[in-house]
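Chemist: Those sequence lines, one after another, are chains F and P. In this text, residue positions in the first sequence follow this note's numbering: the first is 1, and each later residue adds one. In this text, residue positions in the second sequence follow this note's numbering: the first is 117, and each later residue adds one.
The reader is advised that the hints may include incorrect statements.
Okay, the calculated beta carbon distance ranges per label pair [to be verified]:
hint, chain 1, residue 1, chain 2, residue 2, range
1, F, 22, P, 174, 33 to 39 Å
2, F, 71, P, 123, 42 to 48 Å
3, F, 71, P, 191, 30 to 36 Å
4, F, 71, P, 162, 23 to 29 Å
5, F, 2, P, 121, 30 to 36 Å
6, F, 3, P, 171, 22 to 28 Å
7, P, 183, F, 54, 46 to 52 Å
8, P, 169, F, 98, 21 to 27 Å
9, P, 130, F, 81, 48 to 54 Å
10, F, 44, P, 172, 39 to 45 Å
11, P, 176, F, 104, 16 to 22 Å
12, P, 192, F, 64, 44 to 50 Å
Hints in this document: simulated from the structure, not taken from any laboratory. Owing to the predicted nature of the structure, the values given are computational and were not obtained by experimental measurement. Each residue gets a CB set at the ideal place from its N, CA and C atoms; glycine is no exception.
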Amino acid sequence: EAGVVQSPRYKIIEKKQPVAFWCNPISGHNTLYWYRQNLGQGPELLIRYENEEAVDDSQLPKDRFSAERLKGVDSTLKIQPAELGDSAVYLCASSLAFRGRTETQYFGPGTRLLVL
Amino acid sequence: AQRVTQPEKLLSVFKGAPVELKCNYSYSGSPELFWYVQYSRQRLQLLLRHISRESIKGFTADLNKGETSFHLKKPFAQEEDSAMYYCALRDAYSGAGSYQLTFGKGTKLSVIP
Numbered sequence: 001e002a003g004v005v006q007s008p009r010y011k012i013i014e015k016k017q018p019v020a021f022w023c024n025p026i027s028g029h030n031t032l033y034w035y036r037q038n039l040g041q042g043p044e045l046l047i048r049y050e051n052e053e054a055v056d057d058s059q060l061p062k063d064r065f066s067a068e069r070l071k072g073v074d075s076t077l078k079i080q081p082a083e084l085g086d087s088a089v090y091l092c093a094s095s096l097a098f099r100g101r102t103e104t105q106y107f108g109p110g111t112r113l114l115v116l
Numbered sequence: 117a118q119r120v121t122q123p124e125k126l127l128s129v130f131k132g133a134p135v136e137l138k139c140n141y142s143y144s145g146s147p148e149l150f151w152y153v154q155y156s157r158q159r160l161q162l163l164l165r166h167i168s169r170e171s172i173k174g175f176t177a178d179l180n181k182g183e184t185s186f187h188l189k190k191p192f193a194q195e196e197d198s199a200m201y202y203c204a205l206r207d208a209y210s211g212a213g214s215y216q217l218t219f220g221k222g223t224k225l226s227v228i229p
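Turn these sequences into a full structure, and let the hints guide you.
Modeler: What follows is the structure, given as structure tokens:
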């Protein structure tokens, strides 16, 4: 089991450029989360999906951030245009919810973004 | 609003000494508390959750609702315990489905040989 897969692992871009991150959750997991982790901080939720529906995107900066989860499996998080303050680690997590139970969130390795 | 506070950024202990990583929370509802750990060059992973009431890798944590704390403890630290530890909270009654985790800023534990 590969676990949650993210790519790229590292990305360096200049400010005002676009960037996209990709996440493949654990097979069968119907819920998916994107977190942002700034240096010296804990992860903070950006958006969470149940299947293909975004059920909470209240903390996603919608002027420049967008996300999609087509077919309820893989997900892409995009920033356009990137700003210096977007430098952070972007984490994807997934979990399985069924029959009234909510299971543990499993995290990917993250994408480390540096905006110059 | 949910808030998780980990007052120590760094905690250094000698091998064999007891360890206590502090976590305090603020939440008006009924919380479920977790400890996540991130070893060097590895991904964030669940260490334990309070509803399980189990000991993982010698670590235990008890939810104290009166003091709104969920401190992580281990009687004898090992070198392999060196890692970043994050305390996290969710609403226990958010139901089945996805849920939001609120994390603390983390404590780096360094076990000195």
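Chemist: Next step is simple, just say for each hint if it's right about the structure.
Modeler: Okay, the hints, checked on the actual structure:
Checked against the hint of 33 to 39 Å, the pair residue 22(F) and residue 174(P) passes, with Cβ atoms roughly 37 Å apart. Distance hint check for residue 71(F) and residue 123(P): the Cβ-Cβ separation is about 44 Å, which falls inside the suggested range of 42 to 48 Å. As the Cβ distance of residue 71(F) to residue 191(P) is approximately 49 Å, the hint placing it in 30 to 36 Å is violated. The beta-carbon spacing between residue 71(F) and residue 162(P), approximately 27 Å, falls within the hinted interval of 23 to 29 Å.
Between residue 2(F) and residue 121(P) the beta carbons are some 35 Å apart, a value that agrees with the proposed interval 30 to 36 Å. A C-beta distance of roughly 24 Å is found between residue 3(F) and residue 171(P), which places it inside the suggested range of 22 to 28 Å. The hint said 46 to 52 Å for the Cβ distance between residue 183(P) and residue 54(F), and at roughly 37 Å that hint is violated. Between residue 169(P) and residue 98(F), the C-beta spacing of about 23 Å keeps the proposed range 21 to 27 Å intact.
Here the CB-CB span from residue 130(P) to residue 81(F) is close to 49 Å, well matched to the stated 48 to 54 Å. The given range of 39 to 45 Å is broken by residue 44(F) and residue 172(P), whose C-beta atoms sit roughly 25 Å from each other. One distance hint, 16 to 22 Å for the beta-carbon pair residue 176(P) and residue 104(F), holds here, with the actual separation near 18 Å. Between residue 192(P) and residue 64(F), the C-beta spacing of about 49 Å keeps the proposed range 44 to 50 Å intact.
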